[in-house]
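S.K.: These protein sequence lines map, in sequence, to chains R and V.
In this text, residue positions in the first sequence follow this note's numbering: the first is 1186, and each later residue adds one.
In this text, residue positions in the second sequence follow this note's numbering: the first is 1186, and each later residue adds one.
It should be emphasised that the hints constitute simulated quantities derived from the structure, not laboratory data.
Heads up, some of the hints might be wrong.
Remember, identical chains collapse to one label, so a pair may be satisfied in a single copy or spanning two.
Claimed, not checked - Below 20 Å or equal to it, Euclidean Cα-Cα: the simulated SDA-like pairs (lysine to any residue) are:
1. Lys1472 to Glu1503
2. Lys1529 to Thr1498
3. Lys1461 to Glu1522
4. Lys1433 to Ala1421
5. Lys1526 to Ser1496
6. Lys1486 to Ala1518
7. Lys1529 to Asp1497
8. Lys1454 to Gly1434
9. Lys1511 to Gln1254
10. Lys1526 to Glu1482
11. Lys1526 to Val1492
12. Lys1529 to Ser1233
13. Lys1472 to Glu1507
14. Lys1511 to Ser1252
15. Lys1461 to Ser1528
16. Lys1529 to Leu1490
17. Lys1486 to Ala1313
18. Lys1511 to His1249
19. Lys1526 to Leu1490
20. Lys1486 to Gln1499
21. Lys1529 to Ala1494
22. Lys1317 to Phe1278
Note that the coordinates shown come from a computational prediction; the quantities given were computed from them, not determined experimentally.
Number of protein chains: 2
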Amino acid sequence: MKPKVNALTINIAESCRKDMTDIKKLAEKIVTQDRRALSRAITLVESSREDHRTQAVELVQRLHHNSGQALRIGLSGTPGVGKSTFIEAFGGFLTEQGLRVAVLAVDPSSARSGGSILGDKTRMDRLARNPKAFIRPSPSQSHLGGVARRTREAVAICEAAGFDIVLIETVGVGQSETIVSEMADLFVLLLAPAGGDELQGVKRGIMEMADIILVNKADGDLKPAAVRTCADYAGALRLLRKREQDPKGFPAAMLVSAVAETGLEQAWKSMRELAKWRQKEGHYQIKRASQARFWFEEDVKQGVLAVLAQSDTQKDIERMGERVFKGDLLPAAAAAEILEKLSKR
Amino acid sequence: MKPKVNALTINIAESCRKDMTDIKKLAEKIVTQDRRALSRAITLVESSREDHRTQAVELVQRLHHNSGQALRIGLSGTPGVGKSTFIEAFGGFLTEQGLRVAVLAVDPSSARSGGSILGDKTRMDRLARNPKAFIRPSPSQSHLGGVARRTREAVAICEAAGFDIVLIETVGVGQSETIVSEMADLFVLLLAPAGGDELQGVKRGIMEMADIILVNKADGDLKPAAVRTCADYAGALRLLRKREQDPKGFPAAMLVSAVAETGLEQAWKSMRELAKWRQKEGHYQIKRASQARFWFEEDVKQGVLAVLAQSDTQKDIERMGERVFKGDLLPAAAAAEILEKLSKR
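All chains, please: the whole structure from these sequences, using the hints.
M.R.: See the structure below:
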């Protein structure tokens, strides 16, 4: 038996060494802006296989000193607001300024069954063919925590690959915005023209996250409504408490039309102005440091839950789960019993 | 010292006994449909004070045998779709049928700073004054797990108070829908008329949760667009995989107008038909049992994280968090170190 075990040990050690050599090569290729290496790296961070996880962590650490220089823009808007069209137009505009743009997505609803009804492939096809742009749809994941970690790693990889702008897109009004705002330098909210009574639909929490509100569809018949809506939101923004990370005039509300491709230059000017001011005043750096701490704490939480799922307690949880299912026990009482047991260990 | 401690012990024991007598009385009043008791009970489950938590669990257990008979309807729709107007109209319609209606909300975005810009008080004022209805806005909570538990407990209390229908409202496209669908018997999605290319905005995951899609604003100028949109969604629903919990004709898409108060009877007829069929076939009971198991597992997760926050590890987490903040450590590496330490305990 002995030689066999030794051979196996050598094989594992060798395969580990080989993997790590591969990761080193992959990192080198990413830094030279190799697109295939970039795609492979993002596939790696999206994998939940344990060996892939180890390699992904290694890769992100290797790339650490090459990342950090991109402007990370979070972009949110509810369905129907024209987000894809906006990204297509705005992304194209940025590449015309000589900037390289990566588009990533955080989409918690794809957790269940993978993305839009009509699919993401038909979206943004002009930008997808642009050599200065890179688009990656949201990975399918079983929980938001997983999506968040993978997106964060993908952001770091895109930065290392020399992208100037990383656009992080999300849909929804809630948790996913919080997650995106915890990885972005700027948070942009895209809204549609609406009647005055619909203003209440945008929750204060989301408004407070926004650095810049863009009212889309400021074209054709909708233009007057867009102008009115923009003034309404500008007024609502003034009602919010002043934040120290904002220079005069921010948070700002402005008009754009993704279809007519108007207002894009002004929007970009405002984003750049805000980012520059925050860098000069140190807010930018403090925000990134706080975000790193936030993600460290999230990683600990996710890690603890993952350990729980593999522990002996998992068997107890399954057994008690059956009793709850049958109606023998109330959920809260069963949970209290499990937690009591855990506290005694 | 001794007599003093004894006196204290007696005082605590007495105050506990008194609290539990109060909970018994509160439970009795709720069952007799006392509205003030109902409000007090929901305030109690929304509190995060530890003694209130114990009392809330006690209360929910006491009321357990009085709850379970209401139809729980989850209702979701993005901002601007007219959700409040719909609930006002539909709630009014239901009370005219002699039904008692409770409206609760799950609003993760209120976690940050408490609800809508224009406030919830001006919404649904007709229904709020209706003696057969009870409206409770979403509590402000620091995390979605907390909101979910409190809403679940509020549902149980409303059921014990004899409401026939509990409407659980949510905003958003993502996690909060999953949470609401895990506490509802039926899931209704309210949508606005839209162009064909906006259909993709509704994510497949949300579509797959929907039992009934209502296309609102089927009135005036928007009527033709609503008819078209409804046909589009009906087509999209047919593309989805058949679920065993659906009779022929479901999931269904239909037209309503909250403003003109049309389509409400048909919508209610469909909801009743679906609920009846599912009860007869046993799907209803299986769903509730699975939901109980789901919430038991969620309670365990939340409990484990709460224990972590109070443990010695919390100090390590804070210390390491500072180092991550300063940039001495990457988040993932710091988290791995904490988890390594935890696994050795």
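S.K.: Hint compliance check: list the failing hint numbers for this structure, sorted ascending.
M.R.: 3, 12, 15, 17
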